[in-house]
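Asker: Please arrange chain B on chain A, whose structure you already have, making use of the hints.
Chains A and B supply the protein sequences, listed in that same order.
With the numbering used here applied, the first sequence covers 1 to 435.
With the numbering used here applied, the second sequence covers 1 to 314.
Hints listed in this document are in silico derivations from the structure and should not be mistaken for laboratory results.
Heads up, a few of these hints could be off.
[Said to hold, decoys possible] If you want the footprint, here are the derived chain A segments under chain B, 3+ residues with CB under 8 Å: (1) 115-125; (2) 136-143; (3) 224-233.
[What the hints assert, rightly or not] Quick list of simulated restraints, FRET-style, between CB atoms: (4) Ala89/B <-> His191/A: 47 to 57 Å; (5) His86/B <-> Ala378/A: 29 to 39 Å; (6) Leu341/A <-> Ser267/B: 30 to 40 Å; (7) Ala290/A <-> Ala291/B: 36 to 46 Å; (8) Val161/B <-> Ser315/A: 54 to 64 Å; (9) Asp345/A <-> Phe19/B: 43 to 53 Å; (10) Asp236/A <-> Ile282/B: 25 to 35 Å; (11) Gly168/B <-> Asp395/A: 24 to 34 Å; (12) Ile282/B <-> Asp345/A: 27 to 37 Å; (13) Gly28/B <-> Ala378/A: 32 to 42 Å; (14) Ile119/B <-> Gly413/A: 43 to 53 Å.
Each residue gets a CB set at the ideal place from its N, CA and C atoms; glycine is no exception.
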Amino acid sequence: MSEPVQAEAPPAAPRSRRKVLAIGIAFLVILVGVAAAAVYYLTLPTPFGGTIKVGFSISLTGQFNVEGKNSLNGIKTVLNWINGHGGVTVQGKVYNFSLDYYDDQSTPGNIGTLYPRIIQNDNATFLLAPYSSGLTTAAAPLADSYDKVMMSHGGSSDVIWTGSTRRNLVEVLSRASIYLKGAVDWLHANHPSDKIAALYAADSFSTFATQAALGYAQSLNMAVVYNQSYPTTATDLSTQLTAAKNAGADDLIGGGHYTDGLLIMNQLKTTWNAPPPKFVSLLVAVTEPAFQSQLAGSANNVTGPSQWETAVTYSPTFAQSAGLSWYGPTPAEFTQLYGSLNNGDVPAYHAAEAGASLLVLANAIQRANSFNTTAVRAQLGSMHIMDFFGEFQIDSRGLQVAHSMVLVQWQAGAKKVVLPADIADGSCQYPYSGA
Amino acid sequence: MRRLSLRTLGPTLLGILAFLGVLAAIAGRMPLVLLTLVINLLIFAALAYSINFITGLTGYVSFGHVLFMAVGGYGLAYGVGTLHWHPVAGVALGALVSLALALGIGAVTLRFRGVYFAIASQVTALAGFYIVLEVQELGGGQGIVLNVGFEPIAWFYTIWVILAIEVGITYWITHGRLGYGIRSIRADEDAAKTVGVHAAALKLVLFAISGLFAGAAGGVYYWQGSGIFPNEAFSLTFSLIMLAMIVIGGMGTLLGPLFGAVAVYLSSQYFLTVLIGFEFVIIGVLVVVIALFLPEGIVGTLRKYVPELRGLIE
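For reference, chain A alone in the conformation it holds in the complex:
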């Protein structure tokens, strides 16, 4: 009998080869797993951390009700933009903003009761200042006392920062003392022999702005031949305008707010005509569209300083060319969003400066990666950025040093930005014709 023939076993793969294969497959599995995890992780939304409450009082009634409502609308517009663009990220978590505000009736006496309520009862994490220098002055000590960062958007009097020490108060807008600087600069560059008359409202802001401009003009060896204030309730300025004309003035600067600005322009027609002043630059009133609609032709060639106009050309590219980082919407996006949230209204500069205060705060929180007051305040102190409102940089006191005012001028019924040249959409026309 023959021995059964055992079938020959297939040759076994070498042991080392199988091992390599197994390791390769394992490696591939791990690689795919890691990649999948990475893709999953990267596409996962950042966890929502919560809401940052920003508290403030605002003037919805009283003498600042128009500016206050505009400011509130600006803040709400920026809030909408920030929350609609992912909020801010702190410690790997996303935070949205919410607002907590009360009407202060434009009365400083209400500030002392409202801010403790906002901070203690409502637990606001950050603060915005109220509108106006007087109300901001009253609110500032509370920010230090409660150790909260407070962004100032409507208090521009330099003395708030130069006359006192306010650790946590940060100014976003240009200070009062440079409001009329652009007008003086333009006159000095183009008509240095002009004699200047100043007629201005006797409130803190108007006085500070005009006196600073006069001091600046005199430092440039320009002649100031008339310098007079008037009460904010004045209804007749013909005596002062006649006196300014008789003093030999060529140019008129000053004003205060809308009503008195309009009064000056109307009374120029009868008191200082043939010829009228060659150059007119008035605070606040000139930026209002109603200024042109009320005065029609006599508004032409009148100039006025503004913190911001929709025509400004700040942009991410502009920021890049200036070596600055950009944050937030462009001026056009802000204007468009503001209009869509406010029945097509066009934002005035009060809206822009108030909105910018929230925007800068959001950027500082994100950069600080913290809600800690000291960290955010330190970040605000070292930031130099650009947003739709312009540049932001403060000195050690919290006073704004980088933001530029713009000079606007009505030309053939249209408001043009004439200074500074790099964001202007027109050139300054001279002289004022009176009609």
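Answerer: Chain B alone, transformed into the frame defined by chain A:
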């Protein structure tokens, strides 16, 4: 003269002192939100008592009382900002300057009566505004910002002391010989003179006291505001609020100014969140209704219609 004892002080004064005593005892433990509310209430009560000295007790309506409040504020600002004094010393300076000013103004304007005095008092307030605009040492139109902090406990005890003294002086005046003379002036000044009341001197003393305390309360108000700005400081609204408080509470009474301050100030806080902007509409209507139908204010009306309260409130 009667000897002072707890029994002779009367329930109204004892009640007010007890109220103030409780506030003083718990001030340090109050939540800050409540404390700031109480401080402002006491400031407005102090202002109401100040105008009560002249308008409430003699019937001379002072529309320009805001002048003394503003001068008190400027005294504080000058003392703290220029002389570098402690704010309490600044409040005292403001009060003393207001006293001196009231003596000077009163010596002239108290010769007028009725509507002429009211107009004269308002004109002096306007003049004060224009003068401040021209005085650079007082900040001119720019105002003065004070480098002071948030000091609610200091504000509280300062205004507490001012108000307690005011209440005490109101009681002393209305319950002493001075009170007889003053009541006779309010009833019929000419008749009072004929029976030997030195009306001019009495009115001047009351006006000076009134100016002193309006200045003191103004000093605390602007200390709390960390600064003073002329447009707000000379606002006629303050005079009208002071008048509204004593009209609503009861002119010339001991308790009326406190009731008026509670009614006007606390309602103004309510209107910060509800019916925004309607505060002065409602207060205005209230003043008109009270002047027409309840001319003696809350205190007078309670005394008139609730006999049981006649001996309790004054």
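Asker: If a hint holds in the structure, say so; if it does not, say that too.
Answerer: Status of the hints after comparison with the structure:
Against chain B, the stretch 115-125 of chain A contributes 4 residues with a C-beta closer than 8 Å to a partner C-beta. That satisfies the three-residue criterion, and the hint holds. Check on the stretch 136-143 of chain A: 5 of its residues sit with their Cβ under 8 Å from a Cβ of chain B, so the three-residue criterion for coverage holds. Counting residues of the stretch 224-233 of chain A whose beta carbon lies closer than 8 Å to any beta carbon of chain B gives 3, which meets the minimum of three for the stated coverage. The hinted range of 47 to 57 Å is satisfied by Ala89/B and His191/A, whose Cβ atoms lie roughly 52 Å apart.
Separated by about 32 Å at the C-beta atoms, His86/B and Ala378/A satisfy the suggested range of 29 to 39 Å. Distance hint for Leu341/A and Ser267/B: a CB-CB separation of about 33 Å, consistent with the stated range 30 to 40 Å. For Ala290/A paired with Ala291/B, a C-beta distance near 39 Å keeps the hint of 36 to 46 Å intact. In this structure, Val161/B and Ser315/A meet the distance hint of 54 to 64 Å, their C-beta atoms being roughly 60 Å apart.
Here the CB-CB span from Asp345/A to Phe19/B is close to 50 Å, well matched to the stated 43 to 53 Å. At roughly 34 Å, the beta-carbon separation of Asp236/A and Ile282/B lies within the given 25 to 35 Å, and the hint holds. Separated by about 50 Å at the C-beta atoms, Gly168/B and Asp395/A break the suggested range of 24 to 34 Å. In this structure, Ile282/B and Asp345/A meet the distance hint of 27 to 37 Å, their C-beta atoms being roughly 30 Å apart.
Checked against the hint of 32 to 42 Å, the pair Gly28/B and Ala378/A passes, with Cβ atoms roughly 33 Å apart. Range check, Ile119/B to Gly413/A: Cβ separation about 46 Å, and the 43 to 53 Å hint holds.
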